[in-house]
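Visitor: Let chain A serve as the given structure and place chain B on it in line with the hints.
Respectively, the protein sequence lines represent chains A and B. In terms of the numbering used here, the first sequence opens at residue 1 and continues consecutively. In terms of the numbering used here, the second sequence opens at residue 1 and continues consecutively.
Some hints here could point you the wrong way.
Said to hold, decoys possible - Just a few of them, taken from the derived set where beta-carbon distance is under 8 angstroms, the chain B residues facing chain A:
1. PRO87
2. GLY90
3. HIS137
4. TYR149
5. ARG152
6. PRO156
7. SER157
8. PHE158
9. PHE162
As the list claims (entries may be wrong) - Listed next, with one range per pair, are the computed distances between beta-carbon atoms:
10. A/ASP222 with B/MET168: 39 to 47 angstroms
11. B/ILE403 with A/GLN456: 34 to 42 angstroms
12. A/TRP356 with B/PRO87: 41 to 49 angstroms
13. A/ASP444 with B/GLU147: 20 to 28 angstroms
14. B/GLN11 with A/ASP222: 49 to 57 angstroms
15. A/GLY340 with B/GLU147: 36 to 44 angstroms
To be verified - Some residues of chain B that are not near chain A, with every Cβ distance over 12 angstroms (derived):
16. ARG166
17. GLY270
18. SER303
19. GLU359
20. ALA364
What the hints contain is simulated information worked out from the structure, not anything from laboratory work. Just so it is clear, CB atoms sit at the ideal spot from N, CA and C, and this is done for glycine as well.
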Amino acid sequence: MAGIGFELRKLLRRDTFSGLMMAYAYAGVISSGPWVLSIVAVLIIGIFSVPVVIPPDLVRQFQTILTTIIAASLILSGLVQLSFTRYCADRIFKKEHGLLLPNLNGLLLLVTVVAAALAIPLVIVVFPGSSLILRLLIVACFVTVCNVWIGTILLSGLKAYKAILVNFLLGYGIALVLAWGLRHWDLEGLLLAFLVGQFVLFKGMLYVVFKGYPSRHFIQFDFLRAGRMYLSLVFTGFFYNIGIWIDKIVFWYHPWTSEPVIGLLRGSPIYDLPVFIAYLAIIPGMAVFLMRIETDFVEYYDRFYDAVREGGSLGYIHEMKDEMVRITREGIYDIMKIQGVVILLVVVAGGTLLQWAGISRIHLPLLQIQVVATGFQVVFLGLLNVFFYLDRRNRVLLLTGLFMTLNGLLSWLSIQLGPFFYGYGFAVSLVIAVSVGMVLLDRDLDRLEYETFMLQ
Amino acid sequence: MAKVKFPKASQVDIMLLLEGTFPYVSGGVSSWVNQIVRGFPQWRFGAVFLGSQREDYEEFKYDLPDNLVHLEEHYLHGGQPKPVVTPCQGNPEGFDAIRRLHEWFLNHQQGILPEEMKSLAFYRDSPHGVDFIQFLHGERSWDFIAEKYRSRCTDPSFVDYFWTVRNMHTPVWQLAEIAANLIPARLYHTVSTGYAGFLGALLHHATGRTLLLSEHGIYTKERRIDILHNEWILDRRNPLQKDLTEVSYYRELWIRFFETLGRFCYDAAGTTISLFEGARQREIADGAPPERTRVIPNGIDLSRFSPLRRQRPAVPPPIIALLGRVVPIKDVKTFIRSLRILSSHIPDVQGWIVGPTDEAPHYAEECRRLAESLAVADRIFFKGFMDPRELFPQIGLLALTSISEGLPLVALEGYAAGIPLVATDVGSCRQLVEGVGEEDEALGHAGAVVPINNPQAVAEACLTLLSDQDVWQKAQAAAVARVERFYTQKRMFAEYRQLYEEGLAPWQA
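Excised from the complex, chain B in its bound form:
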C-alpha cells in the first residue's frame, strides 16, 4: 500500500479513539472500524491512533475511507522528549486526589472517582493538580511511590518497582497533552478501554460531549493474557522467593492499572456497547454502570458472502480453516494437534491457517516446527493472507481454537458463505454456535463448541461434522439462518445510527 498522507481537518463529527488497531493492524476490530466509518458517509470522522512505539507498526493495512477526514498518531512508549529535570515539591491536594483514586480502585464500590482527576487541568497546569514534572520529579511523588512500595509490593526489587510505576503512568500525562491539543469533535467513540478509553474519558470531561465505548474483546482481559505471556515484565524473585502459582507483582500491577483505566472509562462513557451478553456482564463486573450498557453484535454485509454458497461443491471438502493472525491468543498449536488426531480418521484432511504470521514470528515458527514434529507438515498449510471470499468455497469447516475471542467476524462471514463453525467456548462463540434466547436456539446448532486447549475435542467435533453429511447440512442451515436473522450489517448500522444521532443531537441545533 502506498504511503498515505495523514488527512487533517479542523473539526469532525465523530472522533474515533483507536489503540493498536486501525489503520496499522489488520484484524477483527480494525475491519469493524473500517466498516463503521464507511457505513456512515453522512458524517465526518476523525481518528486518533495510539501505539506503543512507532517501529512496532508498518504501513497502513487499510485504505482510508473518504469520510475519515482527520487522522493523527501518538506513541506512548517511544522515547518522547521528557521535560527538563526540575526538582519540586508537588501539590499536596493533587497527590491526595491520586491517593483517593487508588483507594477508590482498591476498595471497589466504596468512595467515588475523585472529581478533580477528571479535569485536563489536573494533569497539565492546575495549581492543585499533579502535572508531568511533579509526577516525574516531585518529592511528594517520591514519597507516594515509596509508601506504596512499602505497603503493597511483594517483589524485593525497588528499582524495578520504580520503573514499572513510572513507565506505566507516563502515558497518562501524554494522553492529557493529546486531549488538550486535539481538534474539536461532536462525539467521541473509543473502541477499547485502556489508554484510548482513558483519553476518551478525559475528552468527555473536558468537552462535555458524549463518549461511546465499543468493546470487542474485553481490553483488560486481553491485556491480562498479554501481560502473563510477556517476557518484558520483570520478575526478579529468586528461586526461593518464587511461587510459580503466584503471578509476579509487576504483572499484577499492570493488570490493576489497566483495570483502573477501564473504570475511569466506564464511568465516563454514555453508552458502553458490547458484542454479546457475556461481555456485557463482564463489563458490569469490571465497573460499568449496568443501565448504560448495551449489546450490539457485529453485523456483516450478507450480499458479499451469500452468493458464495452457490460456488460450493456438493460434498464439503475435508479442509478445515483457521482464519486469524498466527499469535498465541489464537492457540494455533491446538489446531495443529487436532489435525494430527484427525489425520488418522480422515486420510485426506487438510488444515489451512489463513492469516499473517509476521505479528509473532517466534510463535509462527514454533507452530511450523510443531507441525513438522507431529508429521502433519504436509497437511498443514500456512496460507498467509487470503480473501475470505476466495477461501470459503474451498473449505468444509471453520475452526477457532482461540483462548479469547469477542464476536469473531470471520465466523459470521463463514456462516453467510454456508460454513459451519467449530469453536472454543470463549467470548460469544457458544452464542454463535448454539444461539441465545428461544428464537435463536430454535435454529439449531451451527457447528460445535469445544473446551479450550483440547485438541481431542476439536478433532472429534470436526470428525462428526465432516463424516456425517446430514449433520453438516443441518449445521449449515442453522448457520445461514442465524446470521441472516441476527447478525446483519443492516441491523448493526441501524443501532449505531441511533446512538450516533443521539450523541450528536444536542450539538446539532
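So that you can see chain A by itself, here it is in the shape it has in the complex:
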C-alpha cells in the first residue's frame, strides 16, 4: 500500500488546478475522515429520526449515548493508539510484518475484555431505568467502537487511508440505511443500526489487515513485552484524548451548563452543537496540513536524515534542516490562513448558516470562538506531528499533558465567569499549548543537528 504522500504527489504531478483541488479534497477527506464522518452520521441519524421518533427527546438521548460512547472509547483506546502505532511502525521498519496481525488480534482481545469489563458494571449503574436490551446494545456498541479505533490506527500506521475511508463510508452508510428501517424501534433500533454499521466497518478493516499482512500465528502478545511499547506514548495518547474531551465533559456535568438526558448521562444543550459544527470547519485546515506534512516536510525530513546517515556534507545537512524549518513554518502559516478564512466566514455568515440549519442564533458567539479554537487545534496537531517525526516523545507528552490540564481547568473557570466566556477555556488552552509547542519546536529545530549527532 502506497503512502498517502505518494498518492498526493501523483495528483499534484498533473500540475492542473483540478489536480490540485483533487489533492486537497483527498487530503481533507482522509485527514479528517473518520472523525468527521462519525459526527456527520450521528447528526444525520438524529435528523432522520426526528419526524418518526417521537418525542424528540429520544433523538437527544440517542445522540448523547453515541457521543458518550465515542468519547469514552476514544479515551480508553487512546491508551494504546499511539503506542501501538509506534509498535507497528517499528515492526515494519524491522521487516517483521508477520507480527502485525497476531498482535493486532492480541490487542483487540485485550481491548474487548477491558472495555466489556468496564462497560458492563457501568451500564447497570448509569442506566437504571432502561431496558436490558438497550444496556446490552450500549455495551456492544462501546466494545465495537473501541475495536474500530484500534483498527483505524493500525490502518493509518500502514498508511492505508483509502481503506479506512472506504470502510467508514460503508459502515456509516449501512448504519444510516438501517437506522431508517429500524427507526420505529426507538432507541434500541437506532443503536442496533449503529452497532451493525460499526461491526461491518470493523470487519472490513480486519479484512484489509488479514489480506495484506498474513501471518502463521493467530494471536500474540508481543506488544506487551517490556520495551516493546513506549510508556510515554501510552500516557500521551491518554492525555490527548482526555484533553480533547475534557471541556465537553466539564460542560456536560457542570450543573449550570448541563441537563440530564438519559439515566445518569447528561448533555450540554448550549455547548455541544456549536462544538460539533466547529469540528466540521477544520476540514480545510486538516487538508492543508496533511498536504504540507506528508509531501514537502517528509521530503526534506528524509533528505535530512539520509544526509546524516549516508554521509552528506554539514552544509547540505544544514540546508535540509532549514528547508524543514521553512516547510513547518509555511505549513503553520497555511493552516492559519485557511482557518482564518473559515473563521471570517463563520463570523460573517454564521448567523445565516445557523438559521438555515434551524439552529438558534443563541449559539453564534460560542460557535465563533469554537471555530477559532478548533483552528488552533489543527495547528496543535501539526506541531505534535512534527514532534513525532523528530521523535521528541517527551515534548508531545508535555504538550498533551499541558493541554489536558489547561482545557479542564480553564473550561471550568469559563463556566464560573459566565456564559460570555463559554468556549474560551477550550480556545485559550489551545492557544497556550500551541505557543509553548512553537517555542519548544523552535528550540528543537535550532538544536536539531546538535541533538541528532551529540545525544547518541
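Guide: Below, chain B without anything else, positioned relative to chain A:
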C-alpha cells in the same frame, strides 16, 4: 601457555606503559621489554597494557618475570560503558584550551602546549576543563567539531568526520581515567608515544615523577603505514572527487592525531631514547627537544648466541632466513620474489620464513599464493615459530626486506651467531651493516644494504654473499666484531641502569 593471573601490587618502582606489545604480542619490542624487566631484578616493575579490543589478543606470549609485580590491561576501542547521555553546554575555557592545542599543533613551533591540558583534572572534574560528557554531548563540543569540519575537512561526509573525530578522541578520556586510578610508581617508562605515551605524559604531569620514553620504531611513522594500509578508515569520496595521489582526509586526520599525542609525550618525557641516530633525528623533527634525546641501541646476551658459531658447517648453506612476523610491514613478498631470481643462479637455494602467520592471515595467504604462482613454493618454507638458536646454525644468511624497522634484534642475534645480514635501507639497518662512526665503519660490511621493494637487489646481494666464500667470511667477521663491540646487553643495561637510577633517585631519600 597456561592462563596467567594478573599480578597486583599497591605500588611499584617502575611502571611500564605498553601499547599493543608485551605480554600479548611477540616481537622485537616485547622481547626487549621482557629483557629489560628481567635485567633489573632489584626493582619492582608494573605494567599497563593498552590494546584496541580484547578479542584482538589471545593469551600471554611471555612468562611474566617475577619482578613484574603489577599488570593491568585496558582496551580503548572495545565497547566500554559510556556515560549516560546528558545534554550540556561545556566549559568555554576548556574548549578554548583545546582550540589552543590544535593551533599549537598546526603551527608547530608557535605557541605552547596549553598548561591546563596537562592536568588530569582537565579531563575529569575541573570546573574549567572538558570532561568526557562534555566531549561527547556538549554543545561547545558540537560547535567545535562543526567549525573544524567546515574549515578543514576536505571529505564531504560529515557523519564520517564526526565519528572519526569521536572514536579517535574517546581514548583520551579513558586514558585520563586509567591514569587517575593507577597505583603509585616512582618512575614511568613508556615504550612508545601514541596512547601509551599520552598516558605517560598525563602520569608525569599528575605525579611530577620522571617519564622515560623508549622508542623502538617511530610510533607515528608506523601508525602512518598502518593507517595507509587500513581499510577501516573511510573514504567516501566518489570517483570524481578522488585524487588517487591524495590521502583521504580521515587518514590524514588520524596521522595528525597521533603526531599530536607524540608531541604531548615528547614534551613530558625526561629522556627520549631512540635506538639509532636516524630515529633520534626523526624524533627531534617530530617535536622532541634535542637536549633530552639520547641513543641507546639494543643489546643482546652474547653468551646465548656466540657458542652457535661452532655448530655451523664450514661452508654456509644456501638457506636464507627472514625472521619476523608475516605482516605487510616486513614485505615478505619481496623476499619471495627475490628467491625466484636467486633460484636460477643457485639451484638448491631455500628461503625460510620464520615467524607467526596468524597476525595477518590474509597477507600470509597472499604470500603463499605468490610463492606458488612464481613456482618457488618448493623452496619457500613457512616455518612458523622457531627458536633462533636452533635456526641460526642451519642457515647461511639473514634477510630483512621490511619497509620499516627500528633496530632489529634478530639482526644482532644473527651477528652473534655469525650470520651476515642483507637488509633494506630502513631504520638502523645501514648502521648495522656498514657501521656508523670511524671506529665502527672500520670493522667493514657485515652484509649488504638494499633499497626497499627491490627483489632484484636483494637477490644480487644474497648471490654475492653466498657464491663468494671470501666475501661471506669477511662479512661474518665484521658482524661478530660489531655486535661484540657495540650491541651487548651489558652495555645497554648499564645505560638504562643509569637512567633508572637517576629517575628513581629523588624519591629514594
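Visitor: Hints first: check each against the structure and report whether it holds.
Guide: Checked hints:
1. PRO87: 6 angstroms, holds
2. GLY90: 10 angstroms, violated
3. HIS137: With a minimum Cβ separation of about 5 angstroms from chain A (threshold 8 angstroms), the hint on B/HIS137 holds.
4. TYR149: Hint on B/TYR149: holds, closest Cβ of chain A at ~5 angstroms, below 8 angstroms.
5. ARG152: 12 angstroms, violated
6. PRO156: OK, holds: B/PRO156 within 8 angstroms of chain A, min 5 angstroms.
7. SER157: Check passed: Cβ of B/SER157 comes within 3 angstroms of chain A, closer than 8 angstroms.
8. PHE158: Holds: closest Cβ of chain A sits about 4 angstroms from B/PHE158, inside 8 angstroms.
9. PHE162: 6 angstroms, holds
10. A/ASP222 with B/MET168: 39 to 47 angstroms: Cβ of A/ASP222 to Cβ of B/MET168: about 40 angstroms, so the range 39 to 47 angstroms holds.
11. B/ILE403 with A/GLN456: 34 to 42 angstroms: With Cβ atoms ~39 angstroms apart, the hint holds.
12. A/TRP356 with B/PRO87: 41 to 49 angstroms: 56 angstroms, violated
13. A/ASP444 with B/GLU147: 20 to 28 angstroms: 22 angstroms, holds
14. B/GLN11 with A/ASP222: 49 to 57 angstroms: 56 angstroms, holds
15. A/GLY340 with B/GLU147: 36 to 44 angstroms: 43 angstroms, holds
16. ARG166: Answer for B/ARG166: violated, closest chain A Cβ roughly 9 angstroms.
17. GLY270: 39 angstroms, holds
18. SER303: 59 angstroms, holds
19. GLU359: 32 angstroms, holds
20. ALA364: Label holds. Min Cβ-Cβ 34 angstroms, cutoff 12 angstroms.
Hints 2, 5, 12, 16 from the earlier list are contradicted by this structure; the remaining hints agree with it.
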